[in-house]
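Colleague: Okay, here's what each chain looks like letter by letter:
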Amino acid sequence: MAESTTRRGPGLNRIALYVALLLMVVVYLSPLESGIVTAFKTQQGFFETSPFAPALGEFTVDPWFEAFDRLRSGLVNSLLFTIPATVLSALFGSLAAYGLTNTDWKGQTFVLMLFIAGIFIPYQSVLVPLSQFWATIVNPAEIFAFSDPLANRSGLIALLVTHSAYGIPICTLLFRSHYKSIDTSMLEAARLDGAGIAKIYWRIILPLSIPMFVVTLIYQFTNIWNDLLFALVLVGNPANDVVTMELSALQGSMVGQYNLQMAGAFITALPTLLVYIIFGEQFAEGVAGGGA
Amino acid sequence: MRSPISLLRGDSGAGRSADDEPSVRADGGTVAESGSEDGPIESARSRISDSEFVRSMPFWVPAGLLTALFVYGAIGWNFLISLTDWSGLGDPNYGSLDLGNYGEFFAEAWSGDWLFGFVPIPVNGPQEYWALRNTIVLLVLFTVVALIVGLLLAILVDRNIRFENTFRTIYLLPMSLSFVVTALFWSWMYNPTSGMINEVLQMVGLGGLTMQWISDPQTKLFAVIFALIWQFSGYCMVVYLAGLRAIPTDQYEAAKVDGANLLKMYWRVIVPQLRASTVSAAVVLMVFALKAFDFLYVMFGTRPGQSADILAMMMYRESFGVTNWAYGSTIAMILFALALGIVAPYLYYEYQRGEL
Chain A
0 MAESTTRRGP GLNRIALYVA LLLMVVVYLS PLESGIVTAF KTQQGFFETS PFAPALGEFT
60 VDPWFEAFDR LRSGLVNSLL FTIPATVLSA LFGSLAAYGL TNTDWKGQTF VLMLFIAGIF
120 IPYQSVLVPL SQFWATIVNP AEIFAFSDPL ANRSGLIALL VTHSAYGIPI CTLLFRSHYK
180 SIDTSMLEAA RLDGAGIAKI YWRIILPLSI PMFVVTLIYQ FTNIWNDLLF ALVLVGNPAN
240 DVVTMELSAL QGSMVGQYNL QMAGAFITAL PTLLVYIIFG EQFAEGVAGG GA
Chain B
0 MRSPISLLRG DSGAGRSADD EPSVRADGGT VAESGSEDGP IESARSRISD SEFVRSMPFW
60 VPAGLLTALF VYGAIGWNFL ISLTDWSGLG DPNYGSLDLG NYGEFFAEAW SGDWLFGFVP
120 IPVNGPQEYW ALRNTIVLLV LFTVVALIVG LLLAILVDRN IRFENTFRTI YLLPMSLSFV
180 VTALFWSWMY NPTSGMINEV LQMVGLGGLT MQWISDPQTK LFAVIFALIW QFSGYCMVVY
240 LAGLRAIPTD QYEAAKVDGA NLLKMYWRVI VPQLRASTVS AAVVLMVFAL KAFDFLYVMF
300 GTRPGQSADI LAMMMYRESF GVTNWAYGST IAMILFALAL GIVAPYLYYE YQRGEL
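Just so you know, the protein sequences line up as chains A and B, in that order.
The first sequence: position 99 = 98 (numbering that gives the first Met the number 0), numbered continuously.
The second sequence: position 84 = 83 (numbering that gives the first Met the number 0), numbered continuously.
Certain hints may be false.
As the list claims (entries may be wrong) - Listed next, with one range per pair, are the computed distances between beta-carbon atoms:
#: 1; chain 1: A; residue 1: A238; chain 2: B; residue 2: V139; range: 39 to 47 Å
#: 2; chain 1: A; residue 1: E32; chain 2: B; residue 2: G207; range: 21 to 29 Å
#: 3; chain 1: A; residue 1: L191; chain 2: B; residue 2: G340; range: 43 to 51 Å
#: 4; chain 1: B; residue 1: Y101; chain 2: A; residue 2: T135; range: 19 to 27 Å
#: 5; chain 1: A; residue 1: L191; chain 2: B; residue 2: K263; range: 49 to 57 Å
#: 6; chain 1: A; residue 1: T135; chain 2: B; residue 2: G207; range: 53 to 61 Å
#: 7; chain 1: A; residue 1: D61; chain 2: B; residue 2: V203; range: 32 to 40 Å
#: 8; chain 1: B; residue 1: T192; chain 2: A; residue 2: A150; range: 47 to 55 Å
#: 9; chain 1: B; residue 1: L96; chain 2: A; residue 2: A134; range: 19 to 27 Å
#: 10; chain 1: A; residue 1: G56; chain 2: B; residue 2: S86; range: 53 to 61 Å
#: 11; chain 1: A; residue 1: K179; chain 2: B; residue 2: D249; range: 20 to 28 Å
#: 12; chain 1: A; residue 1: A238; chain 2: B; residue 2: E107; range: 33 to 41 Å
#: 13; chain 1: A; residue 1: D61; chain 2: B; residue 2: W266; range: 49 to 57 Å
#: 14; chain 1: A; residue 1: N236; chain 2: B; residue 2: S110; range: 40 to 48 Å
Unchecked claim - Listed below are several chain A residues computed to face chain B (Cβ distance under 10 Å; list not exhaustive):
#: 15; residue: L16
#: 16; residue: Y27
#: 17; residue: A283
Simulated from the structure, these hints should not be mistaken for lab results.
Computed from a prediction, not measured in an experiment: that's the story for all the values here.
All C-beta atoms, glycine included, are put in the ideal place defined by N, C-alpha and C.
Generate coordinates for the entire structure from the input sequences, incorporating the hints supplied.
Modeller: Structure, rendered in structure tokens:
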């Protein structure tokens, strides 16, 4: 297909193609470019200079330090619940996908449907019960009353469990698509040899799942880190505010201080940006699998 | 017993003795063993498949219970709350349940001017009307345009270009960012005095088009939709790219032999084959459009004004802003019903295609 165009319109078509591609690059990167140059400008600088021109005379790194200072506790809190929730949902997803794919019993598809439908639930439709649940039925502050460090983190514990639970459907789907492609004769051979279900998972499936774990962990980490809605509803104690909440608050209190806001936005995005730059391929796989 | 597994995994050691004649041992050993314990082979088979269900339970039941509790239990509870008249600080009273909240919502929503609803005329409809109207506008416009942009990107990227990975990575990048982050970026982009959009318009001599993008009621919602398309079109590109790559190359060849020109070829031969990609991407986009909240919350707070209010925002405001829990739950159920209306046919479609 590409050869035909090169033959028909030598050069010109290709040039137009690359111009279009680069134009789109400009569109996709301009908010980030404008953000990053603004973050290095002084208050006066960003009002007087063009929003996409790099900082020259008005260069400063102060916004970064100030923004980091304001977001520091949020960054810690976010890491505290995001990492365990990511790992837990991936583990649950892998186990469930195995139990629903590589074993042989009737009704699997129906159970699987119930799992997968959970991906598409609008979170709004569970918000009120969720806030009730974590306040009255299971209150981590009361359960962990014996241990102050845990009781003080009750909002984060609620977020950890909640995100793990709502991550299960998507993780199950991601692992399921992978496990479906595993050669059944291999599993059959192990079964004939007397290996039990648990053993097959541990010795065959799990080692084969490592690439999928990378995909799932990256997808879940990005999702959970980026979430704001659950945190708004479940975190009561300001000491437990997660980074997206603090960034949103920073924007509300620092009206018009775009240099500070942009620096804060980049600091908040840094973990997911790093993960994306290193594991872009796997992120794309997770995103594509999440839809299909 | 261990040998085939260790063989498959390339282990040596434990199964060393079996390496000599693995097939004989794998077959003979097990059948003889189970036969001696459970009688005829047939009954052993059925026993295994019966207990396979039981033995698979430890794997999916814990996850299933969490999902059942948090997804289905919570939705059921939410429905129950929507039938009460719970508000304020007390506890819900489950004694008298009725559909009054739903009646109220739809009565209010229908009282707006639906005929000219899509033209921004200054009618003062109730918030239900605006939230529902804007949700529909967002859902349709966002989904359609994001799909088109994503398809165009996919076609561009699929044409044997250099640095394909770099281009793809750049187009998908916004998808890895939080809505809190992108809402901040776009607030700055749309800033009327020194934001990039107005600056660029002035630079290219279109100064007349500069606007107060996110405070003018006429443009607010479209400004939001534009930013969301920016963020999601990379996702559509990825889905379409996978679809394009799955089309056998001889189809391109056939189209070429027929003398179809490029545009025609894409329209007639390629696009129809991308239906599955379109459906799955559209479902994800539409469901997202229903719950879009974070972006609007950061850009406008809980009161975006009637021109940009959506059901997801109204639900949050009613519940957690003014503690009208029952009414908030009602709006939540309407959102859920809308999502179900999109997802149920989709899951059925995927099931029919054997894609689940």
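Colleague: Are the hints correct? Go through all of them and say.
Modeller: Here is how each hint holds up against the structure:
1. A/A238 / B/V139: 39 to 47 Å: Distance hint for A/A238, B/V139 holds at roughly 43 Å.
2. A/E32 / B/G207: 21 to 29 Å: holds, 26 Å
3. A/L191 / B/G340: 43 to 51 Å: Taking Cβ atoms as reference, A/L191 and B/G340 lie about 47 Å apart, which means the hint holds.
4. B/Y101 / A/T135: 19 to 27 Å: holds, 25 Å
5. A/L191 / B/K263: 49 to 57 Å: At 55 Å between Cβs, range holds.
6. A/T135 / B/G207: 53 to 61 Å: Cβ of A/T135 to Cβ of B/G207: about 57 Å, so the range 53 to 61 Å holds.
7. A/D61 / B/V203: 32 to 40 Å: holds, 33 Å
8. B/T192 / A/A150: 47 to 55 Å: holds, 48 Å
9. B/L96 / A/A134: 19 to 27 Å: Holds, at about 22 Å.
10. A/G56 / B/S86: 53 to 61 Å: holds, 57 Å
11. A/K179 / B/D249: 20 to 28 Å: Given range 20 to 28 Å: holds, Cβ gap about 27 Å.
12. A/A238 / B/E107: 33 to 41 Å: holds, 40 Å
13. A/D61 / B/W266: 49 to 57 Å: Distance hint for A/D61, B/W266 holds at roughly 54 Å.
14. A/N236 / B/S110: 40 to 48 Å: Holds, at about 42 Å.
15. L16: holds, 6 Å
16. Y27: The hint holds - A/Y27 has a Cβ within 10 Å of chain B, the shortest such distance being about 6 Å.
17. A283: Hint on A/A283: holds, closest Cβ of chain B at ~5 Å, below 10 Å.
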